[in-house]
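Kindly generate the complete structure, drawing on both the sequences and the hints.
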Amino acid sequence: MVSRVRVWLNRTYAENVFFMDQLRRNPSDRAVEIHATHGDADSPVLAAADTAELEPEGLSPAAYVEYALDQCRRRGIDVFVPRLHQSAIVAHRADFEAAGTALLAPPPQAVAVFQDKVIAYEAVQSVGVPVPPWWRVRTADELLAAVEELEAAGHKACFKPASGAGGVGFRVITRAPFSLVHLNGFPTPYVQLDLVLDALRRADEPVDWLVMPRLEQPEVSVDCLTGPDNRVRLAIGRLKNGRRRGFTLQEPWLEPARLIAEGFGLHYLSNIQFRMFGETPVLMDVNTRPAGGLHQLSLCGVNVPWLAVQLALGEDPGEVAPPFLGQDYTVVSGPRPLRPVSVPHQRVEGSETLLPAVPAPVESVEVPAQALPL
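Going by the UniProt record's numbering, the sequence shown opens with residue 1, and the numbers climb by one from there.
Check each hint, because a few of them may be wrong.
Quick list of simulated restraints, FRET-style, between CB atoms [what the hints assert, rightly or not]:
id, residue 1, residue 2, range
1, Thr139, Pro252, 42 to 48 angstroms
2, Ala98, Phe178, 56 to 62 angstroms
3, Asp141, Val332, 41 to 47 angstroms
4, Leu313, Thr139, 48 to 54 angstroms
5, Asp21, Leu313, 17 to 23 angstroms
6, Glu122, Arg93, 21 to 27 angstroms
Hints are computed from structural coordinates only; laboratory data are not their basis.
For glycine and all other residues, C-beta sits at the position ideal for the given N, C-alpha and C.
Written out as structure tokens, the structure reads:
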């Protein structure tokens, strides 16, 4: 009899409820039990897990590693998918292996390269991957100089933190004065240059921003599955143009993603994002973790979360090609159950009941849908 697989996701995105669903619906028909931890008792990830705990707040990275090792030992975790404190955790891979846990994450050297976007851009340029022009700025004068140079070349300037994930802190510079026009409709990423410069000059500490031209669509997010031998097993691009989403296997997007994944050892799951600078696809960002939208690849007939778990367990699936590319689609919100109480319910060992019998409140999260009218 094949044993169950115990997987742990720590403080992860709400969209990873779909990652968990795919693990349970794996094509190997293997029993999977999922442990989840989070700082928010109302995270839908906790409700979707078989066992769940609230994470302690205020732990240093070193203390969090000790907490994680304790979780793995007590819970019998086979595969740990770390998001929070990933860099500290992967530095202790040998300790987790001694506890019987495989880390579904790249080695520490690879994580370190892509924590800082400036270091990342310099590194990928060395292997021939195009990047946009960029400036690292820490003061108001440096920001103004970068913006003026970009505008002189006919570009809109934008900035984002040199270290960070997702779109947090991303803004587009405008010289249009603040007016009621900016208070109509929904908020936008545009921010007035004079307000930013004033905020920087009044700040107690310097910022650490990356300034670059605003890149154009389409945005292509390439999900890669890479083995510990640095060989890519699967690469599929998810194409985004406004609300419309689709898939691509075109080499102008996949070839540079493979160069990065293989050249820097981005083992297991990574997500490499590109946009257009003029007529050239250029690197936008590299994530050393599973993307929130990874589950959308199920529309191409592949279960990538399960392939990654197999790889982490030493069950190499070999090179995988999608049997087809799904049709264009968009994403819409839908309900997802939450726990009915603030303290996460713990599944009783041997019980088949995964959710309480009483209907729970719901929280909306994005789910993929088939093509809808735009």
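The hints, checked one at a time:
At about 37 angstroms, the CB distance of Thr139 to Pro252 disagrees with the hint of 42 to 48 angstroms. Hint check: Ala98 to Phe178, Cβ distance near 57 angstroms, so the stated range 56 to 62 angstroms holds. At about 45 angstroms, the beta-carbon gap between Asp141 and Val332 stays in the expected band of 41 to 47 angstroms. For Leu313 paired with Thr139, a C-beta distance near 49 angstroms keeps the hint of 48 to 54 angstroms intact.
Distance hint check: the CB atoms of Asp21 and Leu313 are about 19 angstroms apart, consistent with the given range 17 to 23 angstroms. In this structure the supplied range 21 to 27 angstroms holds for Glu122 paired with Arg93, their Cβ-Cβ distance being about 26 angstroms.
Consistency note: the structure conflicts with earlier hint 1 alone.
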